[in-house]
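A.B. asks: Chains A and B, in that order, are what the protein sequence lines are. So the first sequence is residues 512 to 692, counted in the numbering used here. So the second sequence is residues 512 to 692, counted in the numbering used here.
Treat the hints with caution; some may be incorrect.
In this list, chains with the same sequence are indistinguishable; a pair is considered to hold if it fits within one copy or across any two.
Unchecked claim - Below, simulated BS3-like cross-link-like pairs (lysine-lysine); rule was C-alpha separation at most 30 angstroms, straight line: (1) 576 with 633; (2) 593 with 628; (3) 593 with 662; (4) 633 with 616; (5) 633 with 662.
Simulated from the structure, these hints should not be mistaken for laboratory data.
Number of protein chains: 2
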Amino acid sequence: MERCRLMFSGAGGQGVITAAIILAEAAAMYENLNAVQTQTYGPEARGGSSRSEVIIADTPILFPKVIQPNVLVCLTQEAYNKFHPLIRPGGTLLSDARYVNTLKKVDAYRVELPMYKTVMEKIGNSIVFNICMLGAVIELMGHVKPESVMKVLESRMPPASLEMNRKALELGIDLASPFKR
Amino acid sequence: MERCRLMFSGAGGQGVITAAIILAEAAAMYENLNAVQTQTYGPEARGGSSRSEVIIADTPILFPKVIQPNVLVCLTQEAYNKFHPLIRPGGTLLSDARYVNTLKKVDAYRVELPMYKTVMEKIGNSIVFNICMLGAVIELMGHVKPESVMKVLESRMPPASLEMNRKALELGIDLASPFKR
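Bound-form chain A, shown alone (with noise of 0.2 angstroms):
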């Protein structure tokens, strides 16, 4: 396989954090591949925005850090300004149509979806946004399944909020597949 290096990007609240370490525990935990899941905090941290990274690989990883994506997801119009750049030139970039404006010219397959409006609409309640992201994520990468990642929901969830949380997923899985490459 060709190595996933994923980075998310958002406001603070906003789950990124929660959904690159569903998606690496889903991916070593019950696809047998290799991930490395990190966080950076900073000046850019105290102002609000959040940034995760991923690597899924099915070799070992010696480097643990994104520095060009080939997916990255973007769910601030502030993320997307500081972060389109460092996409990898005909990588994927994955954005919430409420949240970003993507007007700047990138050399990259551009994924809008309605995810935030779609959870608001179909499930109510906005906890769930990163959730459904992470449906659209797995959609796109492949190599995930959506079984895996709900082994892990079900292994870090009371059981009431799996109901939502897989709603949520599956939401996020349809929005992306008509844009499956």
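Fit chain B to the known structure of chain A by using the hints.
C.D. replies: Using the frame of chain A, we list chain B on its own:
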């Protein structure tokens, strides 16, 4: 300040990743420090062990991996057996008295605390074992105040769980206080 390189190790479900994230966030958001937090998942994660690393510094952090921790936390015997050779000579080794027998020769300052036992006796819920451990860590390392950790907890937890977490944090601080260097 001297750069703090921490490694938290234990079994899956003991909350070492969560503890590391809370510490990194507290340091960066409320102490004006820089922090990087990493976890690596591979064959060892599939065996049920869990490891997470944090670097805290007042200067930029260029390399995010911890090779030689100056604070090593081991919450299981397996984690201790595996990671104790990594500790920086003269570093601090924190372990739980119930789970770890630190018989091997290590050039470190050893702090063995009855964290699990005390949490179960005073609070009766093992879910805050990791927060008690985090209390011990911040007491031993300095640089991050309990109030900063509480601010992170307040932003993440439902109000109903806050009091239990505050109590666990204080238990850890009290247990470690006599061992502060």
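A.B. asks: Run every hint past the structure and note whether it holds.
C.D. replies: Hints versus structure:
Proximity of residue 576 to residue 633 under the C-alpha cut-off of 30 angstroms is found in neither arrangement, the shortest distances being 36 angstroms within a copy and 41 angstroms between copies. For a Cα distance limit of 30 angstroms, the shortest separation of residue 593 from residue 628 inside one copy, 24 angstroms, qualifies, whereas the shortest one across copies, 47 angstroms, does not. In this assembly of identical chains, the alpha carbons of residue 593 and residue 662 lie at most 30 angstroms apart only when taken from different copies (27 angstroms versus 33 angstroms within one copy). Proximity of residue 633 and residue 616 under a CA criterion of 30 angstroms is satisfied in neither setting, with 33 angstroms inside one chain copy and 58 angstroms between copies.
When the C-alpha separation of residue 633 and residue 662 is checked against a cutoff of 30 angstroms, the pair qualifies only within one copy, where the shortest distance is 23 angstroms, while the shortest distance between copies is 33 angstroms.
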